[in-house]
Every structure is written in structure tokens, then in C-alpha cells.
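K.L.:
Using the sequences and the hints given, assemble the complete structure.
129 is the number of the first residue of the sequence shown in the working numbering; add one for each residue after it.
Check the hints yourself; a few may be wrong.
[To be verified] With a cut-off of at most 30 Å between alpha-carbon atoms, the simulated DSBU-like pairs for lysine-lysine come out as follows:
| id | residue 1 | residue 2 |
| --- | --- | --- |
| 1 | K321 | K306 |
| 2 | K172 | K306 |
| 3 | K192 | K131 |
| 4 | K192 | K172 |
| 5 | K287 | K131 |
| 6 | K131 | K172 |
| 7 | K192 | K287 |
[What the hints assert, rightly or not] Label pairs and their computed distance ranges (CB to CB):
| id | residue 1 | residue 2 | range |
| --- | --- | --- | --- |
| 8 | L383 | D331 | 22 to 28 Å |
| 9 | A327 | G235 | 48 to 54 Å |
| 10 | E207 | G374 | 21 to 27 Å |
| 11 | P171 | D250 | 38 to 44 Å |
| 12 | S357 | A327 | 41 to 47 Å |
| 13 | S357 | Q322 | 48 to 54 Å |
| 14 | F391 | A423 | 24 to 30 Å |
| 15 | A260 | E207 | 19 to 25 Å |
| 16 | T155 | R390 | 46 to 52 Å |
| 17 | R324 | G235 | 51 to 57 Å |
| 18 | P130 | D261 | 32 to 38 Å |
It should be emphasised that the hints constitute simulated quantities derived from the structure, not laboratory data. Backbone N, C-alpha and C define an ideal beta-carbon position, used for all residues, glycine too.
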Amino acid sequence: MPKYLVTGGCGFIGSHLVDALFAYGHTVRILDDLSTGTVDYKPKDVELMVGDVSDPDTTRAAMKGVDGCFHLAAIPSVERSITDWIGTHRTNLTGTIAVFDAARRAGALPVVFASSAAVYGDHGDVMLDEGADPRPLSSYGADKLGGELHAAVASHVHKIPNTALRFFNVYGPRQNPKSPYSGVISIFCDRMKQGREIAIFGDGQQTRDFIFVGDVVAALLAAMERCSSPAGVFNVCTGHPTSVRGLADHIGGILGSRPAVRFSPARQGEIRHSVGNPARAQRGLGFTAATGLVAGLMPTLQALSANPVAVQPTRQTRPLTGEVVPFAQHRITLEASNGG
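P.N.:
Take a look at the structure:
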């Protein structure tokens, strides 16, 4: 079975991907600086290298002896990219270039990497497909777009097969609501479960395309199997918009309580509307998100409980062996527990 490097493999999305690869029988190596990730979810037989992805020597060492790389290491924060422009640039773009350079030196290994819907900027209330003009409103979005441009060069000049996945708003178990980089769902779930007030920045009518982490893992696996040259770019989304105020009402409905909301001024660099068109991923990767918002919110809320339970997606995915099997047959669970 192939061996894979997962950068950021101790993080929210990365830890779920590592679980999936490990469950399929793959050997996995993680490169993570542990600045926000945790070793709590790492299977004991998975190798961990603690280091900075933007350091070329570290990333080259991590790439040795693997058959492909999932590059998820990032500082995924618009707000942080405004206050720490150079630091976030180093991780988000220099780190991506270091990964491609290491893949080149290792023999043009395939790379699947996390881009972001932040590359689109604000196009109004329209469904975004991959052909939409990029208009990033933050240095985070600009760095993700830069990563895609370098990926195209890596493919054209160095013949590195690669695929960029433009993640929309990912949520699910293990997303730490206390983290400064956490998404709105984990923060709302945590505060509302405790009966505390939530803050909505702006009028609450801004929309997002929320996608469950189990579906994102399925997209990552599908992308590695079909990783190609020239480079591909795909949305990872549901195609269904939800307003931030509507999200609070959904969570309140599950909890049986009415959310206490405090409205604050809109934050700089944030996008008003963001919903993706999933058609290209459906055609090119055979990927369709299968978890509805309420179905995904329930295990996310369970993960914050004092008595965590194990949950797992029921959709089918294509493992890297090429055979289509249900998640359940491969022990891929999204552990609903505190942390990370």
C-alpha cells in the first residue's frame, strides 16, 4: 500500500484524513508544528515529524520515502492574515512552495493541497464555479490563490501531478471552539450548548456553504486517486447557502433553545456571500457531499458533550486502492470528543 505524507496532520481536517488513510491500511507520516494541532488523535503507529512546513530542509526530509502528499498545513485565518501578514504568508504560501519543491526533488510526487473559497472574494449572491474571477479580499485568500498559481507551474514545468481543493466552510468534530482559527459553527455550538450569548458580525444575513469534515476527507481521497498533470482545481462544497443567523436558528432547533444573539460590526476582509458550485467535483472527482447541515451539526454538538460518542459518515468513498466501499467497512470514525 502507498505511504503518504500529511502536512498539518494533527489539525482538525488533517487528523480525520490520517484516520481514514490509516484505516485503509496506508502508512502515514505527519509533518506538523503543533502550533494549533494536537497529538491526541494521532494513531500510535503513525509517524510524526514536528517541524515547520516552510523550512525547505524539514519538508524535504518529510517527503523522503513517501508516494504522495496531502498538504493541509496552514494558518486558516483571515483575521490573523491581516495582523500577521508576513508570518501567515510564510506558512500559507512559502510552505506550499516548499512542499512542491520537495515533491519535485523526490521524483515529481503527486500533491493534493488545500486551497480555499477565499480566493473568490465577494461576487455577490451567486453560486461560484471554478471559472469565476479570483478577487481575494485578504492576504489569506491571496496566498491560497498564489499556491494555485505555483501548483500550475509545478505541473507545467516540473511535471508534478497535483490537485487544488477549494474548501468552503468546513465543520465537524475536533474543531476546537477555543481556537482563534475555529469556524463559526464550532463557536456557536460551544456557546449555545452552554446557554451563552453568541456574537454575529454584521447583520447575520451573510451566507456560507458549510461542508462536513467527513465529506472533505472523501474529497481528499478522491483527489489523490485522480491526481493529474495538468493541475486540477475543484470546489469542495455542498452548493447550499446558509445564513449565519439561520445557522444559529438551526443549532437552537437541535438544542431546543432560542439563541441569544449580540450583533457587532462586520469584520474587515470578510466575504458577504460564499456558496460554491459542486458540479466540476462531481464530474471530475466523482465527489458529492452527502451530509446535510442538520445531520452534520448533531455529531458536532455531541463532540462537545461530557460523554462523547463515536459517529461516522454513511456515504461511500473511493479508497486509494480503487475499490468503492462504505466508510463503515474500513473503521473510519469521526470520534466525537473534546480537543483539537
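K.L.:
Are the hints correct? Go through all of them and say.
P.N.:
Hint check results:
1. K321 <-> K306: holds (14 Å)
2. K172 <-> K306: Holds - the C-alpha atoms of K306 and K172 are around 26 Å apart, at most 30 Å.
3. K192 <-> K131: Within the cut-off at roughly 10 Å; holds.
4. K192 <-> K172: holds (21 Å)
5. K287 <-> K131: This hinted pair holds, its Cα atoms lying about 20 Å apart.
6. K131 <-> K172: holds (16 Å)
7. K192 <-> K287: holds (18 Å)
8. L383 <-> D331: 22 to 28 Å: Hint holds: Cβ distance 23 Å, inside 22 to 28 Å.
9. A327 <-> G235: 48 to 54 Å: Taking Cβ atoms as reference, A327 and G235 lie about 49 Å apart, which means the hint holds.
10. E207 <-> G374: 21 to 27 Å: holds (23 Å)
11. P171 <-> D250: 38 to 44 Å: holds (40 Å)
12. S357 <-> A327: 41 to 47 Å: Hint holds: Cβ distance 45 Å, inside 41 to 47 Å.
13. S357 <-> Q322: 48 to 54 Å: 49 Å Cβ-Cβ, so the 48 to 54 Å window holds.
14. F391 <-> A423: 24 to 30 Å: holds (29 Å)
15. A260 <-> E207: 19 to 25 Å: holds (24 Å)
16. T155 <-> R390: 46 to 52 Å: Once the Cβ atoms are compared, 48 Å apart, the range 46 to 52 Å for R390 and T155 holds.
17. R324 <-> G235: 51 to 57 Å: holds (52 Å)
18. P130 <-> D261: 32 to 38 Å: Holds - the Cβ-Cβ distance for P130 and D261, about 37 Å, lies within 32 to 38 Å.
No hint from the list above goes unmet by this structure.
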